[in-house]
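There are 2 protein chains.
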Amino acid sequence: MENSVILEVVILDIKPELLSKYEPAFEQAQEIISGRKGYISHQLQKCLEKPNRYILLVNWQTLTDHTVGFRESAEFQEWRKILHHFYDPLPQVEHYELVFKNGL
Amino acid sequence: MENSVILEVVILDIKPELLSKYEPAFEQAQEIISGRKGYISHQLQKCLEKPNRYILLVNWQTLTDHTVGFRESAEFQEWRKILHHFYDPLPQVEHYELVFKNGL
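Read top to bottom, the protein sequences are chains A and B. If you're matching positions, the first sequence starts at 1 in our numbering and goes up one per residue. If you're matching positions, the second sequence starts at 1 in our numbering and goes up one per residue.
Hints should not be assumed to be uniformly reliable.
Since the list can't tell identical chains apart, any single copy or any two copies may satisfy a pair.
[Unchecked claim] In silico DSS-like links for lysine-lysine, alpha-carbon gap of 25 Å or less:
hint	residue 1	residue 2
1	Lys101	Lys21
2	Lys21	Lys37
3	Lys101	Lys15
4	Lys15	Lys50
5	Lys81	Lys15
6	Lys50	Lys21
7	Lys81	Lys101
8	Lys37	Lys15
9	Lys21	Lys81
10	Lys81	Lys37
Read the hints as simulated data drawn from the structure, not as lab findings.
Isolated chain A, as found in the complex (with noise of 0.2 Å):
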């Protein structure tokens, strides 16, 4: 593994409509991240203050593994298959990389 750990982060606002089903149709997508290249962790994470907004956190070991590796693989498209018909707006997608770190 390398020492370049990339963290994407994805603010997910859904339609209210469809609230009730995003959590299990999102259960279903995450086996499909969580098997490609360079694919290290997520979570999923729920909004207090906004009921229809999630943030998704996914460490990468490269930037290319998501953007190239999962970004242009066949598996994605079933990725977007499932989940983007969620999604008001259609998320931005951003990628951090460590500054400081502290804790457990």
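Got chain A; can you put chain B on it based on the hints?
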């Protein structure tokens, strides 16, 4: 420790003319947050797509450990004094709770 871990998420856009001074200031300020009741861990990560953007992720044992215990403390005033003049716009703080996680 309670099980209700809360993730504080803050997207931080730094005034470009102050960018070179932000990481040293944050390095100093993070000692303030690390000592607070209910603090578990934090990360500061730097955006690859937007060079003046960071994300702060802080795990707290409960929501009120952040919103009351920290934000109403004298230490928070010190935190503000060190950091808030770097931000434009002033950041929006959100809190999240875990739905799914996988991997390391």
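Hints versus structure:
Taking the closest pair of Cα atoms, Lys101 and Lys21 come within 25 Å of each other only across two copies (18 Å); inside a single copy the shortest separation is 35 Å, beyond that limit. Proximity of Lys21 to Lys37 under the C-alpha cut-off of 25 Å is found in neither arrangement, the shortest distances being 28 Å within a copy and 37 Å between copies. For the homomeric pair Lys101 and Lys15, the shortest alpha-carbon distance between copies (23 Å) is at most 25 Å, but the shortest distance inside one copy (34 Å) is not. Taking the shortest alpha-carbon separations for Lys15 and Lys50, only the intra-copy value of 12 Å comes in at or below 25 Å, while the best inter-copy value is 27 Å.
For a Cα distance limit of 25 Å, the shortest separation of Lys81 from Lys15 inside one copy, 16 Å, qualifies, whereas the shortest one across copies, 39 Å, does not. Taking the shortest alpha-carbon separations for Lys50 and Lys21, only the intra-copy value of 17 Å comes in at or below 25 Å, while the best inter-copy value is 33 Å. Only between protomers do Lys81 and Lys101 lie at most 25 Å apart by alpha-carbon distance; the minimum there is 21 Å, versus 35 Å within a single protomer. For a Cα distance limit of 25 Å, the shortest separation of Lys37 from Lys15 qualifies neither inside one copy, at 31 Å, nor across copies, at 37 Å.
In the homo-oligomer, the alpha carbons of Lys21 and Lys81 lie at most 25 Å apart inside one protomer (14 Å), although the nearest pairing across protomers, at 44 Å, exceeds that limit. For the identical chains of this complex, Lys81 and Lys37 are intra-copy neighbours only, at 20 Å inside a copy versus 43 Å across copies, given an alpha-carbon limit of 25 Å.
Comparing the model with each numbered hint stated earlier shows that hints 2, 8 do not hold.
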